[in-house]
Amino acid sequence: MEKVLLVDDEKEFLDTMAERMEARDMNVTTTTSPKDALKKAQEESYDAIILDLQMPEMDGLETLKELKKKNPDLQVILLTGHATVQKGVEAMKLGATDLLEKPADLKVLTEKIKKAHTRKMVLVQKKAEEKVRHILAERGW
Amino acid sequence: MVDCTDVGNVSELQFFGKMTASISHEIKNVMAIINESAGLLEDYSLMAEKGMPIDPERLKVVSNRVTMQIQRADRIAKNMNSLAHSVDEFHKSIDLRETLELAVGLSGRFADMRSVRLEFQPPSDVPTVITSPFHLLNLIWRVLDFAMDAPGVEKTLGLTYDADAESVKIRLSGLASLTNAPETVFPAAGEAALLRILGATIYQDIKGGEINLVLPKDVRQQITAES
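Protein chains in written order, with the numbering used here: chain A, 1 to 141; chain B, 1001 to 1227.
Hints were generated in silico from the structure; no laboratory data involved.
Heads up, a few of these hints could be off.
Looking from chain B toward chain A, a few residues come up when the C-beta cut is under 10 Å (computed) [claimed, not checked]: (1) Ser1024; (2) Asn1035; (3) Glu1036; (4) Gly1039.
Derived coverage of chain B by chain A (criterion: at least 3 residues anywhere in the stretch with Cβ under 8 Å from a Cβ of chain A; other residues may be distant) [stated by the list, open to error]: (5) 1025 to 1033; (6) 1062 to 1074; (7) 1101 to 1114.
Positions of the beta carbon are idealized from the N, C-alpha and C atoms, including for glycine.
The shape of chain A in the complex, shown without the other chains (with noise of 0.2 Å):
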């Protein structure tokens, strides 16, 4: 099951699409603020953060570079309402995993979630190898 914290101002998208996605098992948080968004992310682990661009109290790309600046494994989908190359660009150079336009395909979504999830556990594991190498590393076995 795919955790996912949702993060949108508009509280009747996140409450249509958490629905959708708790259907398709989804383990799905939301919030319609982002600086809630980065407390959740510091205290919960998740599959994948959708992120909407704009929002009051901060837009995405400043939660965007928050989120990486505390935990730079984090998997962040953006969604905005008007997806331009140059935010694309700038968006991939901050480290979102993915860009949609609004209004998004499910579908869509749902394999970009699942891809995400993916790349977090390669990265989970690469972390455990590593720590192990370390380790042995270290004491010299």
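Chain A is already provided as a structure; the job is to place chain B on it using the hints.
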């Protein structure tokens, strides 16, 4: 030919661009909600096909959500239409209350983005003004845009107006963070061009946290008097 480097023309184009970009963004948000609601209904029908009972209340929630979004889209489209028609005639008699309501409606998303609340408090009288509606909307937007960066702790801006025989005064209050620091030049060149077109004046009351915009009731008479 229109000089696209002229301050006034650039300001007009920027205003039109900013407003239409914001409107299209809002429409996209509405579409996204309607799209997900349609998807949810499809999910419910698939569940029903598999013999799972669907609570009619859930259908009502989705139906209400779609209705609300259609009403929202209707308001957005009406504002867009009014903005588009503001260039129909250079000088036109306008209802000041309607124009300010439109300005607040067009600025709503920008206010939301800055977590600022715009509170329009119109008095009971409704003055009509003969002016250039498009330039007036542009100027009010620029004043609001500036003001939204200078709110007090409550982050609420009040907007109202009053009128006498010759002029109307549009007043923005709640600007506790107004400053006369040299880096905050207001009105700047873009506003100055609009003030000339509208025969208007603007003054800031920094202590009182207010910006006042004074317009002649009939800009044509002012132009005639000046010439």
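Against the structure, the hints:
Interface restraint check for serine 1024 of chain B: the shortest CB-CB distance to chain A comes to about 7 Å, inside 10 Å, so the restraint holds. With 10 Å as the threshold, the beta carbon of asparagine 1035 of chain B comes within range of chain A, its nearest partner Cβ sitting at about 4 Å, so the hint holds. Here the hint on glutamate 1036 of chain B is kept, as its CB sits about 4 Å from the closest CB of chain A, short of 10 Å. For glycine 1039 of chain B, the shortest C-beta to C-beta distance to chain A is roughly 6 Å, which falls under 10 Å, so the interface hint holds.
Look at the stretch 1025 to 1033 of chain B against chain A: 6 of its residues bring a Cβ nearer than 8 Å to a Cβ of that chain, three or more, so the hint holds. With 4 residues carrying a beta carbon less than 8 Å from a beta carbon of chain A, the stretch 1062 to 1074 of chain B meets the three-residue requirement, and the given coverage holds. For a cut-off of 8 Å, the count of residues in the stretch 1101 to 1114 of chain B with a CB near a CB of chain A stands at 3, and the three-residue condition holds.
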